[in-house]
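Asker: Residue-level listing of the chains:
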Amino acid sequence: MSGRGRVLFFILICVMFAALSGCGGGEEEIPMGRYADREVKLPPGVFDYMHPCPDGSYYLYGLDANLTCVDAQGEIEEKDRSWEKNANIRDKHVVGVSDDGACVFGYAPNFWNDEELEELWIKGDTRYLYYYVDAKGERHALEPHGEGYRKGTNLHIFAFSPEGGLYAASENGMYRIDAESGVTESLFATSGQVKSVVFADGLLLAADSEKVYFYDMAREELLGGSTVLDEFIASHAAGGIVMAVSDEESNVKLMEDAAESDGTDDAKGDSADAADEKGNAQVLYMACRTGLYRFVLGGSVIEQIADGQMTALGDTQRTPLALQVSGSGEFRILFSGNFMVEMYYDETLPARPSRELTVYSLEENGWIRYAGQLFQKEHPDVLVRYETGMDGDNAVSKEDALKNLNTRLLAGEAPDVIVMDHMDIERYAGKGVLRELDGILQPYLDDGILYRNIVEGMRMTDKEKIYSVPMMVYLPLWLGEAMYLEGEQSLEDVVAGMELARQKHPEGAILYTLYPKDILLQTMPVCLPAWTKENGSLDVEKLTAYYQAVSRMWEIDSAGFDAAGREAWQKNNMEWYAPTDMDMADIGFNYQYGAQQNFGETWLQLGFLMTPQVGMTGIHVSKANMAADWQQKELDDVVTYGAYAGQADNVYWARSIVGLCEQAKEPALAEEYMHLLLSDQMMRKWWLDKPRNHSGLTIRKDSLGDILDIDNIEFGQTMGFRDPTGVNYPDFWPTEEEKQWLYQMMEDADCCYRPGTMLEECAMETGVRVLEGELAPEEGAKEVERKMAIAMEE
Amino acid sequence: MFLLPGFSGVMIFYLLPFFEVARRSFYQSGNGVFTGTDNYRAVFENGAFLLAVRNTLLYMAAGVPLLMGISLFLSLLLRNLVLRRKLVSAMLLPMAVPAAVMVLTLQILIDRQGVINGVLTHVSEKITALPDFSAIDYLNTEWALVVVVCSFLWKNTGYMVILWLAGLAALPKEVEEAAQVDGANRWQSWRYIIRPGLSGSFFTIGMLSVLQIFKSYREVWMVAGSYPQAHIYFLQHLLQNWYLKLEFDRMAALTVILSLVLLVVCLSLQKRTD
Chain A
5 MSGRGRVLFF ILICVMFAAL SGCGGGEEEI PMGRYADREV KLPPGVFDYM
55 HPCPDGSYYL YGLDANLTCV DAQGEIEEKD RSWEKNANIR DKHVVGVSDD
105 GACVFGYAPN FWNDEELEEL WIKGDTRYLY YYVDAKGERH ALEPHGEGYR
155 KGTNLHIFAF SPEGGLYAAS ENGMYRIDAE SGVTESLFAT SGQVKSVVFA
205 DGLLLAADSE KVYFYDMARE ELLGGSTVLD EFIASHAAGG IVMAVSDEES
255 NVKLMEDAAE SDGTDDAKGD SADAADEKGN AQVLYMACRT GLYRFVLGGS
305 VIEQIADGQM TALGDTQRTP LALQVSGSGE FRILFSGNFM VEMYYDETLP
355 ARPSRELTVY SLEENGWIRY AGQLFQKEHP DVLVRYETGM DGDNAVSKED
405 ALKNLNTRLL AGEAPDVIVM DHMDIERYAG KGVLRELDGI LQPYLDDGIL
455 YRNIVEGMRM TDKEKIYSVP MMVYLPLWLG EAMYLEGEQS LEDVVAGMEL
505 ARQKHPEGAI LYTLYPKDIL LQTMPVCLPA WTKENGSLDV EKLTAYYQAV
555 SRMWEIDSAG FDAAGREAWQ KNNMEWYAPT DMDMADIGFN YQYGAQQNFG
605 ETWLQLGFLM TPQVGMTGIH VSKANMAADW QQKELDDVVT YGAYAGQADN
655 VYWARSIVGL CEQAKEPALA EEYMHLLLSD QMMRKWWLDK PRNHSGLTIR
705 KDSLGDILDI DNIEFGQTMG FRDPTGVNYP DFWPTEEEKQ WLYQMMEDAD
755 CCYRPGTMLE ECAMETGVRV LEGELAPEEG AKEVERKMAI AMEE
Chain B
334 MFLLPGFSGV MIFYLLPFFE VARRSFYQSG NGVFTGTDNY RAVFENGAFL
384 LAVRNTLLYM AAGVPLLMGI SLFLSLLLRN LVLRRKLVSA MLLPMAVPAA
434 VMVLTLQILI DRQGVINGVL THVSEKITAL PDFSAIDYLN TEWALVVVVC
484 SFLWKNTGYM VILWLAGLAA LPKEVEEAAQ VDGANRWQSW RYIIRPGLSG
534 SFFTIGMLSV LQIFKSYREV WMVAGSYPQA HIYFLQHLLQ NWYLKLEFDR
584 MAALTVILSL VLLVVCLSLQ KRTD
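These protein sequence lines map, in sequence, to chains A and B. In this text, residue positions in the first sequence follow our numbering: the first is 5, and each later residue adds one. In this text, residue positions in the second sequence follow our numbering: the first is 334, and each later residue adds one.
The following block holds chain A by itself, in its conformation from the complex (with noise of 0.2 Å):
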């Protein structure tokens, strides 16, 4: 190399070395302003459907709930409705208002009063009436007939365009119809299922999953799109998206590098333009998982308004469902699960977060989700960024997730957080992952507020220290007729009430179990704490018996039906049971609403206590969904329920584990956020919002005593349950002495059960096949033994 060739090299590696240095920018000053929301009281009454009306007033209908008119002061109009409880309507699916007020929707009749339609559904064709009612509230049955139109196929959508017009969206294509004479013209095909149809000056959008149409009702002709709303719709469409149109004039606030394409604002694109009466070009916003959006029609640019992370948009439990824009440029979101916000434009709070608590999960966690809302809402400076592991839209292994996170451990990019379920929490602490909790959970242990027989199961053997926390716990519980099971104790004991509820009942299933995997989720939990001896070697005999019991009952639950019986049965749970996917907490849910239904009785059933609420999931306090089927049955006076013990005594099973970690970048915003997820507006304000979970029952006592107290709940969307002050089943609240119990139950948990260890995964590969034969249960646990002698040495 030359004289000059090494003075050039020399200024190139200078010159790499600055800019990878940042050398040359000064500290970065954060701009003040951004969108910020709040929640909006809705009026009484389940809502899952918003007009916005260009006056800002807006149509709010639901299931249960009548046409409600919220105008822009506030004012709340209730029309009345009262004419459907004796209009055969059992429930109501899709409804579309108009400006003036006239609806339309449909709905699914009680189709014991019409054979042919009953008929049809039982063939799984489940097709919906329609009723139209004018502003008056004259009203009439709606029957889409006409040209293009195949009898029988649903409407999902409907929509008024500012002229009254009536469109309707199917499964794939949009229609027009005529309200008064049910007359239905084809407009167009939609490759998949429209979710959001508006009007802006004369056109029609309507958006699929995987583009934007743009119809001219006066033309009758589609137009051609835009590709760069398409692409965003593509990517963007998934959690849901809702749109609403708007003129220019709004006084909307934009993100700073908020657009998503290349181009400029006013570049003209390939979509239609659009412009009102005054000539301003119409405007397109888009509120979906990852933000909310503007689109000048005809332009090419797609601007961000608000990030989905740091308001209400981001939170995956829940969907968008309608958009309203006013012209001061607020915007108000009607979300599924009947919640509402506002969103305005704040200028007190820095454009985007300067600090960023991480937290991560394997799993999406609802619980942990609304944490960091509730989190970022008290600390507007800080971005709560929640990640995920497996999102269930990348199909990434459990063992692929590890790794990625392993990386990030390794690479020294650790999150603050880690929710620890389904993780090894040894190993994670025995490496230093994880912070020691002793101090931060002292506090509470030592003012009582926390079940410390809870919070010590999680001492770690080895170092003998708390390094994460559950936030939640479930309690083992059966639940049946009274004979089999009163006074059970273990597992033995279980075997031998099936053996008498075989006898009495011949025929049909015992416990529910469709496959041998989902009797070895049911028992597992209560039986694996045991088969760890004190010098952490695997206890085969205990793993032997526990085999020779499952396997007994597995043959005694089948015995009730032949091998087709069982195959047709598997057969018709397909569609919503996917048992490789499941774990215990979806199938309690499952076998109460899907495996009953499919079989017909029950009689006993294991599973945990997931809630300590009536009416919400397949086992808890006070039976009451048991009854509701079983009431009909007039078995309610011999169901009852009690704790029960497999091979392990006392079992919780510790849920949302929450750990700090050692590497936290932000350590005092980690410590904060686990006081707040400990505290007892956390824990209370979650049952109070999603009273429908089943996260379990919160470790703190005197939140769970509140949850307890009925009085406190609004049930607002209890599963069937119409009156939430007990009309239908006023005798099934939890009685004193019932909380009492489950207060003991608390108490005495103290064996602590976390899914996902390597002996529970290897224990259950090996158990299917001593199930299904193909080992007996003497071998089924010497492979175990082998297998974790192994993962011992390793």
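Simulated from the structure, these hints should not be mistaken for laboratory data. Yeah, the Cβ is synthetic: ideal placement off N, Cα and C, and Gly gets one too. Mixed in with the good hints there might be a few duds.
What the hints assert, rightly or not - Straight-line alpha carbon distances no greater than 30 Å define the calculated DSBU-like cross-link-like pairs of lysine-lysine that follow:
| hint | chain 1 | residue 1 | chain 2 | residue 2 |
| --- | --- | --- | --- | --- |
| 1 | B | K548 | A | K407 |
| 2 | A | K140 | A | K155 |
| 3 | B | K488 | A | K407 |
| 4 | B | K548 | A | K469 |
Said to hold, decoys possible - Every beta carbon over 12 Å from chain A, so not counted as near; a handful from chain B, in silico:
| hint | residue |
| --- | --- |
| 5 | A381 |
| 6 | L420 |
| 7 | M424 |
| 8 | E507 |
Given the coordinates of chain A, assemble chain B onto it according to the supplied hints.
Answerer: Relative to the frame of chain A, chain B by itself:
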């Protein structure tokens, strides 16, 4: 200067990461404390490591010679056949088959209720003189290693045949023909002309076979999981499981050990063929 672009690629993507791994092998992961040779000692004292080494060596000892021998034998048979190209193309098919399909095929064959057990059961039922046959769970018995070796041979033989054929094609035909004219028989031709002429190919094919042994882990993992039957627990299982268990320090030490062993094998093979 001519070598610089290529060498810098090797430096950035291979040597520097390897040196970093080697450095990490002397430190404890997590807290970064210097531990000297503790990680290496821990590896050599680890029971799972010894089991994996034993199995990997057994697999290699059985798989590599068999693969080389069978493929050489087939290539010698195919050498002068007219249909050589079509046959070789057919033999390459297993290489083109996706791993998932191969695993499925394997399971259909060797499952307890699989084809092999079915055929053997049928035969034992038909021929009363034979003892009763009870279905074998091949992947969960000592047969597991045999299954893995067979699948390894099935997948790689075609490719190795091509390599041998390329080596054979490079041999000057005149020499062989002259030897035949001088009265040399096939064995003598093989011993004094073909075998010495293939020594270069021997090194390449030998190295590739050894490397294929390490690469066949994917199929074994897919068919038997992270903790397979003890006879087919290989070094890659150990590395994979250590990665999941955050044993980065031991992993680094094992990686260095494996690299050195492979280097020694490579050099000794080269020396031998030279």
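Asker: Closest CB-CB distance from E507(B) to chain A, is it above 12 Å?
Answerer: 50 Å, holds
Asker: Against chain A, does L420(B) keep a CB gap of more than 12 Å to every residue?
Answerer: Holds, because the least Cβ-Cβ distance between L420(B) and chain A comes to about 39 Å, which exceeds 12 Å.
Asker: Hey, K488(B) versus K407(A), does the alpha-carbon distance stay inside 30 Å?
Answerer: 28 Å, holds
Asker: Assess, step by step, whether the Cα of K548(B) is no farther than 30 Å from the Cα of K469(A), and give holds or violated.
Answerer: 42 Å, violated
Asker: Is it the case that M424(B) keeps its Cβ farther than 12 Å from each residue Cβ in chain A?
Answerer: 33 Å, holds
Asker: Is the Cα-Cα distance between K140(A) and K155(A) 30 Å or less?
Answerer: Given that 30 Å is the threshold and the Cα spacing comes to 29 Å, the pair holds.
Asker: Hey, is A381(B) genuinely clear of chain A, shortest beta carbon separation above 12 Å?
Answerer: The claim breaks: A381(B) does not keep its Cβ more than 12 Å from every Cβ of chain A (closest is about 4 Å).
Asker: Quick one, are K548(B) and K407(A) close enough, alpha carbons at most 30 Å?
Answerer: 19 Å, holds
Checked against the numbered hints listed earlier, the structure breaks hints 4, 5; every other hint is satisfied.
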